[in-house]
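Asker: These protein sequences, in sequence, are chains A and B.
The first sequence lines up with residues 0 to 289 when you count with numbering that gives the first Met the number 0.
The second sequence lines up with residues 0 to 289 when you count with numbering that gives the first Met the number 0.
If you are wondering where the hints come from, they were derived from the structure by calculation, not from laboratory data.
Note that the coordinates shown come from a computational prediction; the quantities given were computed from them, not determined experimentally.
Some hints here could point you the wrong way.
Which copy? The list can't say, so a pair holds if one copy fits it or any two copies do.
With a Cα cut of at most 20 Å, we get these calculated SDA-like pairs of lysine to any residue [stated by the list, open to error]:
(1) K92 x A189
(2) K188 x R160
(3) K49 x G253
(4) K175 x K249
(5) K175 x D256
(6) K24 x I193
(7) K197 x D85
(8) K49 x P162
(9) K28 x R238
(10) K175 x D258
(11) K159 x A115
(12) K49 x Y65
Below, each chain spelled out in residue letters.
Protein chains: 2
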Amino acid sequence: MLLGSIEAGGTKFVCAVGNEDYRVKNSVKFPTTTPEETLGKAIEYFKKFKIEALSIASFGPIDVQYTSKTYGFITNTPKPGWKNVDFVGLLKKELDVPIFFTTDVNGSAFGEYTVAQLFNEKIKSLVYLTIGTGVGGGAIIDGEILGTKGHPEMGHVYLKRHPADSGFEGICPFHKDCLEGLAAGPSIKARTGIAGEKVAQDDKVWDILSYYIAQAAIQQTLILRPDNIIFGGGVISERLLKKVRRDFEKLNNGYIDIDDLENYIRMPRVKNNGSATLGNFALAFNELHK
Amino acid sequence: MLLGSIEAGGTKFVCAVGNEDYRVKNSVKFPTTTPEETLGKAIEYFKKFKIEALSIASFGPIDVQYTSKTYGFITNTPKPGWKNVDFVGLLKKELDVPIFFTTDVNGSAFGEYTVAQLFNEKIKSLVYLTIGTGVGGGAIIDGEILGTKGHPEMGHVYLKRHPADSGFEGICPFHKDCLEGLAAGPSIKARTGIAGEKVAQDDKVWDILSYYIAQAAIQQTLILRPDNIIFGGGVISERLLKKVRRDFEKLNNGYIDIDDLENYIRMPRVKNNGSATLGNFALAFNELHK
Ligand SMILES: Nc1ncnc2c1ncn2[C@@H]1O[C@H](COP(=O)(O)OP(=O)(O)O)[C@@H](O)[C@H]1O
Ligand SMILES: Nc1ncnc2c1ncn2[C@@H]1O[C@H](COP(=O)(O)OP(=O)(O)O)[C@@H](O)[C@H]1O
Ligand SMILES: [Zn+2]
Ligand SMILES: [Zn+2]
């Protein structure tokens with residue numbers, strides 16, 4: 000059996016086919032240009048394989064409410080040409096298979112959840128947060144993707160300011176100093192003039208970032224009580240997560256008992272950014288069998 | 000059929016029996032003294048009725064994990080005498096009926112959820128936040144109580160400070176300036192020297208509180224995407240919620256589309272603090288039929 004995966008990002012698309020072991024059999028990558036060209040390439044790719052179901056993990060915002068008239072659409076994205084594009088509808092016309100549609104971070108969250116089940120880890124709920132060009136998050140609660148009215152937008156929560164960061168206004172176009180405005184990659188450049196990948200390891204900006212990322216982990220802990228909080232995205236490194244765990248402990252101050260913090264706040268188990276593709280295979284499989 | 004409800008608060012217990020219409024047939028109130036005396040009174044009360052199931056909505060922290068050795072216990076509460084009390088076990092010994100055990104706020108959340116279903120409202124998910132002596136919260140997601148590893152502790156999230164409140168340290172014994180430390184009833188007295196019920200309506204403390212309560216609503220919106228956020232507790236009034244809605248709109252800044260804010264951020268539908276009792280009846284009924 001072959002299952003299809005589209006990881007639809009704002010800059011590139013990754014299409015893949017895999018089997019029911021969720022192993023990648025073939026994959027292709029191309030830049031995100033116009034919807035016609037990009038979705039055309041995806042359709043052309045999947046027509047070469049006999050896939051039985053497809054799952055799409057897409058950039059957003061997207062409409063995931065089944066009952067909505069614009070279900071399956073990318074909605075009011077600032078990305079030129081992509082506003083109100085009927086992503087699922089266009090694919091459905093050309094590929095006659097069940098299609099599951101979710102956010103990029105939900106795809107990654109579900110991939111990590113699936114791997115945890117395959118490894119027999121006692122994980123029923125988890126959160127996946129990505130800190131990259133933006134900040135996004137998805138959660139799996141008792142095996143189900145969280146978000147019935149719409150998908151979460153966990154990147155835009157407000158936070159307590161770091162004392163050494165009070166002069167920085169924040170760069171979220173909606174909220175200025177929300178999590179994304181304070182801790183996504185571009186905020187590093189806005190503060191230091193240098194892109195995150197080139198900033199010295201001992202720069203104080205890392206302590207500022209970890210303070211905010213730790214607060215996001217605290218919020219998720221207090222609201223969702225997940226088994227794991229997983230961090231991905233270009234800004235995240237094991238070095239930064241060490242600081243995040245340190246700040247989490249300080250901010251939590253013993254209030255919620257976390258038995259293994261190293262494992263609680265961690266990087267993805269699936270390597271090479273493969274969480275979303277694996278998640279898509281599992282979600283496509285589920286879509287076929289429901 | 001008779002169903003039992005215990006609303007176990009830190010200062011008082013409310014025991015009630017009701018029928019499968021979730022109407023109160025009889026109820027009694029007594030102060031929370033020692034566990035022996037208080038639970039003894041509850042047992043004595045329910046022995047007078049032929050209840051078929053019981054639900055307890057308790058102050059916490061409590062252990063709600065079925066697989067845990069201390070399931071059904073009140074755990075490390077600061078309340079003298081109540082630490083590590085086997086609440087469910089002690090009742091089970093004397094009352095031979097199925098018992099459901101959850102937090103006070105989960106009970107209230109489930110009561111409001113149940114009423115919404117009875118009124119045919121299109122509500123699948125909601126959050127109940129209480130702002131009283133402390134701040135607590137519970138959520139119902141697709142009809143299920145949220146929190147598998149443990150119950151939420153939504154009152155202790157960190158927030159962006161109100162510019163006119165930067166001189167106030169916050170009074171949470173764990174975190175100082177978390178939501179509870181900044182917005183619970185005692186914070187009003189700590190700032191003004193006057194208890195909340197006596198502070199003038201035009202005092203600026205109400206704008207400070209509403210700013211924090213609105214941020215809590217923003218967080219819940221971004222993380223859980225519920226259909227409604229319901230506020231209870233002594234500090235909450237329709238007057239304060241007006242300010243909360245105003246601040247919510249400013250802080251959201253059009254990011255998440257809320258069609259009817261008046262209905263989205265609101266007081267409980269069940270009057271006279273009856274949400275938890277009604278929720279208990281529904282939870283007891285479910286416990287009997289699962
Ligand atoms: N090693 C690094 N340390 C810190 N920031 C980094 C690092 N590498 C990339 N970044 C930043 O991460 C952001 C890109 O994130 P990424 O997750 O790769 O892409 P996207 O979010 O667009 O999918 C950029 O702002 C970049 O400067
Ligand atoms: N009208 C009011 N306005 C503001 N605060 C109030 C009002 N009435 C009571 N409070 C405050 O609410 C808190 C008590 O909350 P309540 O929900 O009644 O009790 P508890 O949380 O202990 O169950 C106290 O701090 C009290 O000062
Ligand atoms: Zn924002
Ligand atoms: Zn606190």
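Asker: Look at each hint and say if it fits the structure.
Answerer: Here is how each hint holds up against the structure:
1. K92 x A189: Neither way: K92 and A189 sit 44 Å apart in one copy and 63 Å across, limit 20 Å.
2. K188 x R160: within (18 Å within a copy, 25 Å between copies)
3. K49 x G253: Neither: 53 Å inside a chain and 43 Å across chains, both beyond 20 Å.
4. K175 x K249: Intra 26 Å, inter 12 Å, cutoff 20 Å: inter-copy only.
5. K175 x D256: Cα proximity of K175 and D256: across copies only (18 Å, versus 33 Å in one copy).
6. K24 x I193: Neither: 39 Å inside a chain and 69 Å across chains, both beyond 20 Å.
7. K197 x D85: Answer is neither: 39 Å inside a copy and 56 Å across each miss the 20 Å cutoff.
8. K49 x P162: Cα proximity of K49 and P162: none, with 57 Å in one copy and 60 Å across.
9. K28 x R238: For K28 and R238, the Cα distance exceeds 20 Å both inside one copy (29 Å) and across copies (55 Å).
10. K175 x D258: neither (35 Å within a copy, 24 Å between copies)
11. K159 x A115: neither (33 Å within a copy, 35 Å between copies)
12. K49 x Y65: This pair counts as neither: shortest intra-copy Cα distance 26 Å, inter-copy 44 Å.
The structure does not agree with the numbered hints 1, 3, 6, 7, 8, 9, 10, 11 and 12 stated previously, though it agrees with the rest.
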